[in-house]
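Heads up: the protein sequence lines correspond to chains R and A, in order.
Under this note's numbering, the first residue of the first sequence is numbered 1, with each subsequent residue one higher.
Under this note's numbering, the first residue of the second sequence is numbered 1001, with each subsequent residue one higher.
Source of the hints: derived by calculation from the structure; they are not laboratory data.
It cannot be assumed that every hint is accurate.
Listed below are several chain R residues computed to face chain A (Cβ distance under 7 Å; list not exhaustive) [unchecked claim]:
#1 Gln61
#2 Val70
#3 Met170
Where is the CB? At the ideal position from N, CA and C, for every residue including glycine.
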Amino acid sequence: MTELELREGWIEPELAEEFPELSITSAALEVRPRRSPEPVRAQLRALADRYTGAKVVHMRQDPVPWAYRVFSRQVGIDPDTDRTPVEAIALERLRQGGLRSENIVDDALTLAIAETGVPVIALDADRLDGELGLRLAREGERMGGLRPLSARQIVVADAVKPVAVVLRDMSEEAGVTPRTERTVLCALGVKGVPRISVEEALWLAAETLYTDRRA
Amino acid sequence: MPDVLLDRPILPLVQPDERAARRTLREQVARLEQEQAQLLCSAWPRKCPRESAGGVGSALGGPRLLSLAELEELRDELAARVADARRALSDRTWVEEQNRRLIEEMMLDPASHKWRLVTSEDIGEPGCRNWHVRPRLGPLGMLMGWWRVVISSGCPLAA
Chain R
1 MTELELREGW IEPELAEEFP ELSITSAALE VRPRRSPEPV RAQLRALADR YTGAKVVHMR
61 QDPVPWAYRV FSRQVGIDPD TDRTPVEAIA LERLRQGGLR SENIVDDALT LAIAETGVPV
121 IALDADRLDG ELGLRLAREG ERMGGLRPLS ARQIVVADAV KPVAVVLRDM SEEAGVTPRT
181 ERTVLCALGV KGVPRISVEE ALWLAAETLY TDRRA
Chain A
1001 MPDVLLDRPI LPLVQPDERA ARRTLREQVA RLEQEQAQLL CSAWPRKCPR ESAGGVGSAL
1061 GGPRLLSLAE LEELRDELAA RVADARRALS DRTWVEEQNR RLIEEMMLDP ASHKWRLVTS
1121 EDIGEPGCRN WHVRPRLGPL GMLMGWWRVV ISSGCPLAA
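Using the sequences provided together with the hints, build the complete structure.
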């Protein structure tokens, strides 16, 4: 795989003052969603086999998942009801007895999040305007033109519009669709998460997305 | 007298900076979260009380930049929850200790604990093992007072 170009996103000053170690890192890839090849599905199966009930319970004491739990609490999300992405994957594995393959993009995100604990999202690069960053939602702002955002909600945004709510859902206007030609991977960094974990999450996702090309 | 009365409230010249207070509260929330995680992990494999549908912070409509008052409310709720969990775990471990003692007494004097049953869950351990005081040779053992502790061999095999 060629060198991945990682871009550091902007952070609104007010948000940076409150959370000095908050970061958003992105990488653009020439990848379109498709069915996952067999090696990726095998990776998912192998990952699912590594999960046990005890491991999932003790996960919240591991430094990276714990850091995201703390951040969730600090921004008003209860991680015991609205799970962090890595805990949501672990819980899904326990409920379903395995990790179901969806498509190459979703599978790449699942593998990256489960291996590193860092939340990663994928966006359609051609539907973004400008650099990505983190900011507070404005009064009366809507995501995707429809969904109202509450004031001061923390959102991932491009230069024009909010494209995702942090640790929550994404805008339909910016998400990856079957017509997507270029994908942008975005990883959120918070206090207590080493920079290398964030980069590793993006590398892992990119490697999975490029599985066929490597072959 | 009317000369000293003001027609507008006195406001401080400089608005108090709440950032430091918010930072402190966030650190307290982080510590409480760690404590809660430790309690949950040390409680494993015991069954934990079900988390309530409206948990700590669920009413805050996050992810948002919380105000000082919201952070205080969050910290207090989390502290109360951690205290409850610690109390519940402490009560539970006391009961388990009593059950461990009961097993020892059953082993030493089975006849004084006829038909008593203690499961591995009662002593906070995983699995399906149990200690059951039963008579040797069925009804004959009951009549003769031949009591013994039968330790089950574990979970039944999957069908």
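These are the hints, each one checked on the structure:
1. Gln61: R:Gln61 check passes; min Cβ-Cβ to chain A is 5 Å, inside 7 Å.
2. Val70: With Cβ-Cβ at 5 Å, under 7 Å, it holds.
3. Met170: violated, 14 Å
Checked against the numbered hints given earlier, this structure breaks only hint 3.
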